[in-house]
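Here the protein sequences come in this chain order: A and B. Quick note on my numbering: the first sequence kicks off at 81 and runs consecutively. Quick note on my numbering: the second sequence kicks off at 39 and runs consecutively.
Since the hints were derived computationally from the structure, they do not count as laboratory data. None of the hints are false.
Capping the alpha-carbon separation at 30 Å, the derived lysine-lysine pairs in DSBU-like fashion look like this:
| no. | chain 1 | residue 1 | chain 2 | residue 2 |
| --- | --- | --- | --- | --- |
| 1 | A | K304 | A | K276 |
| 2 | B | K129 | A | K320 |
| 3 | B | K67 | A | K320 |
| 4 | A | K308 | A | K276 |
| 5 | A | K220 | A | K114 |
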Amino acid sequence: MTDQPTPVPEAGNPGASHGDSGLRPAFDHPLSPKERMTIDRSQMPEQDALLRAANFREVNLGYSQQLAMLEAERCLQCKNPVCIDGCPVRVNIPLFIERLRVGDMDGAAASLLDDNALPCVTGRVCPQEIQCEGRCVRAKKGASVAIGSLERFVADWAMANPGRSKPDGATSSGRTVAVVGSGPAGLTAAGELVKKGHDVTVFEAFHAAGGVLIYGIPEFRLPKDIVKLEVDRLVASGVKIETNAIIGRTYTLRELRERFDAVFLAVGAGLPVFMNVPGENFKGVYSANEYLTRVNLMGAWNPESDTPVLKGHRVVVVGGGNVAIDSVRTAKRLGADEATIVYRRGKAELPARVEEVHHAEQEGIRFELQVAPLEVISDENRWVTGIRCIRMELGEPDASGRRRPIPIEGSEFVIDCEMVVVAIGTRSNPLLTASEPDLALNQAGYIVTDEHGMSSLPGVFAGGDIVRGAATVILAMGDGKRAAASVDAWLRGEYPPGDEALASASTAATGT
Amino acid sequence: MHTVIDRAQLSPNVTRLVIEAPRIAEIRKPGQFVIVHRAPGAERIPLTIADADPGHGTITLVIQSVGKSTEDLVALQPGDAIADVAGPLGKATELLDHGRAVCVGGGVGTAVVYPIALGLAARGVEVISVIGGRSKEWVIFEDELRRAGEVITCTDDGSYGRHGFVTDALRDVIEAGGVDAVYAVGPVPMMRAVAEVTRPFGVPTFASLNAIMLDGTGMCGGCRVAVGGKTVYACVDGPEFDAHQVDFRELADRLGTYRDFEAHALEVSHRRAAERLEAPLHAPEGSCLIPGLATAAERQEVAAAAGERGA
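The shape of chain A in the complex, shown without the other chains (with noise of 0.2 Å):
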């Protein structure tokens, strides 16, 4: 016996088995509670920003192996991981975590990709601050893990190194679903329908898939091939997509009902809302709907794109959300010289994601805030030559818990520009809606549903920005997996869905 070899063992890694790719975690031995919060924060290394400001590239670059690795260390493993809590989609943030920690990368890779349809978009533009990361325990004393660079970092392999963490396919299930939309709600949807079997088909206006990911989101922050690979992934996984098609147009609701044995509306908060003052209508005036679709959709951002854009050197934009720092910073990259938001609250107030803001600040973005506008004015040829204001102070707070801006009597002042992008929200857009008279709408326009997302219309579905009003990414996406779970509960004749059903549509067994 003694000359009989000892077999290797697999070095106490428990991510061996599902990986064979030679990585080993970042400490030979396992690191105890103690000794890992004694490991600071990994920073995302990022472009120059005096760089980035001139170009589309990508702000973020990305953790290294190493980095990613070492960061995976930061994490605790809580036995309560009050972090899933914190995500819309509720990825499995602590398994995920620890696979990537021991070199598991495709048992880290699977694993997120059964939680989450578009792992590459949310790591890269979910708010982390108020979700995952903050609530996970390690801010309490410093800061968190990076959660959301983590994800990124994963799901960017996993884009590199497809076919290794595909998914089984599902047996058929012999019903038909159609999707409306082809945003984050409608691919989340989409992704997780098929995976049940389902026959998918997402209908989309443009003619690209992506919805906001592709029109509204700028290449600097989600690079469009990235989104085209999540989009080819779900059409790999047996998505079907439909360019090109206006539902309320080229198709009617009725019709889809008829095609299909489940509909889910996910068409958003596509119209642009302008401040109703003076002069909006003059040239060099946009929303940040037309803005960011020319640049980001249309690709006029390059100068051999048939669509132009307007550029102007001094670009005011109204707004303090993440598309009006979306569009600052795009009106910077394209040779403003001066870039402002014009915001009628304070930067605590600032509805965007804070790297955002914090970005744009590097980038020399100018922030006139407890601002608003009163009148676009123009020259006689009705350019736009500035942007008429007034100053505002903070009253009580309001309805929505954010201080009342009051105007400030006798402080109005004009900011030269001779661009001006207004960024203060979208609203439904009817023309969907408006088609079906029977589906129940609130007063505002948007698509009312019961607590699993059905709409006044059996078997008709809704979720995303069309029922909530504009909002992010990953709550959009959040809807769309919950709509899959009372879809799929639907055409099983079971709906509604059974907390079970529901449960495992959110954190679906990974196979562990």
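The hints should help you fit chain B onto chain A, whose structure is shown.
Chain B alone, transformed into the frame defined by chain A:
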């Protein structure tokens, strides 16, 4: 993909393309339009559906080439394909169901007014079409419009039909009496002039607005125009509106937003074809710069000069 089935040159700068689009051919109504996206990197262009053949699954688009994008589009030959055609978009024309209507078409607008004239005729409305062009070779769709009723053709130079503008002929028809509605499609100055001709007579008049748009679903707001003092979207609220209420000055003004860019892109496109020029479509400083702005180099010079003065 949408294959080009047929192509014909109708006038020096107007081309007719018949393309495969079965779904749109089946359901489109007079007055509706499509958005055409020739290929990746191309512009999205709104074009009114001039005709449709549901049997063959085709629609007819009549295109005036005015810039690089439209030139690229009309350069397509039978057998070539268009990547994307979205629609039908916009509201259908509100057609009279009896009485007498005048359809006024100027230039490429003559093709746009054609389905409206046919739709009216099909409902038993008496249709008089008043169409025009600079000279004989610019007059299009005359034979087609005869299917809907009488056609009065005008040319600016008198080389064909009546000498003068369509508005002159229109005034005569209206003064003769009995006109219940006027539908006008053409260049903005023509539509504005038509509105002024009919206003004193109180004849309901509709104009089809060719505003700048991206998506055609109400999402970009680029096609916004004031009608009756209220901002509306040509893509979803129109494209046809009460011509007596439309702010044509604003429409014309907004249509000129990219004039400099379009001229530059067209020039680059032509020179590329002729001499293999390697210049970008967007000028280095961007021909989309708001007119009158200094270039970056000029701005740097000014800043440097100011710095010297300061020192």
